[in-house]
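Taken in sequence, the protein lines are chains A and B.
So the first sequence is numbered by this note's numbering: it starts at 860 and just counts up by one.
So the second sequence is numbered by this note's numbering: it starts at 2 and just counts up by one.
Some clues are possibly wrong.
Calculated from the model, a selection of chain A residues having no Cβ within reach of chain B, i.e. all distances over 12 Å [unchecked claim]:
| hint | residue |
| --- | --- |
| 1 | LEU971 |
| 2 | LYS983 |
| 3 | ILE988 |
| 4 | ALA1025 |
| 5 | PRO1034 |
| 6 | ASN1092 |
| 7 | ARG1096 |
| 8 | ASN1102 |
| 9 | GLY1116 |
| 10 | ARG1136 |
| 11 | LEU1137 |
| 12 | ALA1157 |
Listed below are several chain B residues computed to face chain A (Cβ distance under 7 Å; list not exhaustive) [what the hints assert, rightly or not]:
| hint | residue |
| --- | --- |
| 13 | THR84 |
| 14 | PRO107 |
| 15 | ASN203 |
| 16 | THR220 |
| 17 | ARG223 |
What the hints contain is simulated information worked out from the structure, not anything from laboratory work.
All C-beta atoms, glycine included, are put in the ideal place defined by N, C-alpha and C.
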Amino acid sequence: MLNYIIRRLLWAVVLFIGVTLITYVLFFLLPADPARLAAGKSATAEDVARVSHQLGLDRPVHEQYVLFLKRLVVDHSLGRSYANRRSVNEMVGEAIPVTAALVIGGAILWMLIALPIGILSALKPRSLIDRGAMIFILIGISAPVVWIGLLLQYFVGFKWGLTPNAGYCDVIDPPVGASCGGPADWAYHMILPWLTFAILFAASYARMIRANVMDTLGEDYVRTARAKGAPENVVIRRHVLRNALLPVVTMLGLDIGVALGGAIFTEAIFNLPGLGRLALNSVLNLDLPTMQGVIVFATLTIILLNLVVDLIYAWIDPRIRLA
Amino acid sequence: MKGKRLLGIALAISSLSLLLVAAATAGPTAKRGGTIVLDMTTDVDYIDPQLSYYGETWKLEATTACKLMNWPDKEGAAGAVATPEVASGLPLVSKDGKTYTFTIKPGFKFSNGKAVTAQSFVDAVNRFANPKMQSTGVAFLDIIKGAQAAVDGKAGSVSGVKARGNKLTIQLTKASPDLLARLAMPFYQAIDPTLARQIDANGINQYASCGPYYFASRTPGRSITLKRNPNYKGGRTANADTIQVNIGNSVDVEFQNVEKGTSDYASGGIPATEWKNIVAKYGLNKKDGRVQVRPQLDVRYVAMNHSRPLFKDNPQLAKAVNWAVDRQAFSAQGGYLYGKRTGQILPPGMLGYKPAGIYPLKVTANTIKQARKLAEGNLRGGKAVLWSSNAGTAPLQAQLIQYNLKQIGIDAEIKLLPRAQQFTNAGNPQTASFDMTVERWGADYADPYDFMNILLDGKQVTQPQHNNYAYFNVAKYNKEMTAASLLTGPKRGVAYAALDGNMMRTNPPWAPLVNSNDRIFLSSRVGCVTINEISGTGPLLNVLCLK
């Protein structure tokens, strides 16, 4: 087991270096000069050269990358933004809770939608519920998140005025001058983002749960349980759902990990100051340190969650260790 | 007795009715106090006075800064002359035009209670030039004696700026008649001694200022709060108690918020398709009305790269392009009241602007015929690379230009780039692989130098980074531009007008397209709308009031 863990950890390090290196190389392949951008529109050649030196952009790419790794490992620093010179650690740190609130709240909502739909559809195949659920699934999977978000924003938020159309409220310690704050305002402002974020996942999860439950219903041990006279609710709860939901839980862990890397569309539509919006702005501003900061966080989250899943699997199934 | 009582009742009723009628028909009255809310699409760069260089920040700093010279809070011509603010009058200028002496008016105070002195302006220039601040606006210091040495770290302060009592002396390296306009830029605002000591390239997010308002707080990416300066006695209006800026909403949300009244000003704009609807709904340019449109000091143009074979020493083809481009269709892509079509370099309202009527502002069969005639024999293969931004309406506008070029025999390949990449690459001779690029320039300060010399002086084109995207380098015009920059008063205007006309007539560097408008959408809550496009886009926030 120890060997397996070491092997997985080493592989995680390689993966991390690979992802950050590719980002670095891609950034420098772009035919654009962040120093020119930072120097302002009336800057002279000398101004641009000075800014380039200040940002460390006049060094060779490999030197800049090594410096980035050293700063990350030794100083635990992601550097400073080219666009506004703020600490990237600070910016990423401020954005994480917002994205986490969106993703975790959205995940709870999508499971609350997907579980009953998936189970009921599987228990009553080809019924009205099943057909209705299939329509929901088809729309949820086909409709782009942006379209769903904009529709909800326009009708629910603007036209009907049922919820705020955009914006974020802090649960605690809102900034000076903020028009809202506290748990109630926070949740009120998150309703539409959660819904938007949940619809796509709810649809695909409902489909997966339906398929898994239907498969499990045909298993021998379910037939045996029924033959032994177990009540239907016990058969469903203990024998069907426990087995059918195992892969769903695994998927949930991985999907949350990926989503934590930045729910770009939902955050952009509803003006949530999370990692997705941070990533989007950094790309538009050619702001490599911020872009890299978000990528480092996303990569680490995905690697860690994958590692946890792998370790749990290895613990459950010894054959994986041997492989 | 009964008659008198009846008469009394009748009089009382009449008086009350008159009062009610008067109240109902009266125009909106300024209410001092309350909070004005505005939405911005993207965050500002900094709010630090020596670092900020975004138009959106300058809009806010117009309310927080006090300057030697400033643009009055007035519309039109009355607001277009840089006027002494903290200076007690116009400066004394030495005979050689290189030394300016200002006298500081007493009574101006920072929001922390400290007095504004001549030293406050010296501190601003020194902080601006301090290499540790890494300010990107230092190009605007180039005319001040000793500034370059300070920027290069060879001197601890700028030797050309000195304070003695209430006198401030500024020495220049050359006579520069645009100094007064430059001094109205936020970089040169007075700063208090505490900020003067805070040398931080990351910028300061809270500091005392001496204008009608001060920055009470900033949460980057989220919000900015401005409060009324309790010590301000400078005479400028400060109607609202607080100006609250919310950052990050899309233009769709900004439109919805202003329409609902949860925000008062869509500073980032609204969707292009909505302008026509809201003008129909609320009217245009009514006194204190919700939709206001004003021309701004900018120009959108197609720069023709004179360093590449297609346009090098080929003025006939450059003229043909100017005859062929459909400025009307280009403008229509930006939505209703997008701007005014133009065929000139300088925008209306700028010193030196004189309508020349050289090129058609509307395409007809005859104009195309004329364009083809000019292009004939000058196509040099007829292939071109056209650069454009990939955002908003830019790709559609590029397609229109592509179609116009096709009509005169140029087969243009469009290359869409992120805006940041487009202009950084266009300004670098190593990467400027375009024949034409669609560009925009907005004034840093209201002087033709900021358009003509900055954008077309050929001395720049060999530098690794510049703004002369036309790579226009004609010795005659370079000389005339330098000469014009040294003139003052009406002569300056005449010289720049002649340059504009002559260049466009004989050897056009660009095909100017549109001078875009500042389109303003306000909520029903606000009144006291005053707009001064020289001072910045949008309504003057310190004047804006709640009804």
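Let me make sure I understand: some of the numbered hints might not hold for this structure. Which ones are they, in numerical order? 4, 5, 10, 11, 13 and 14
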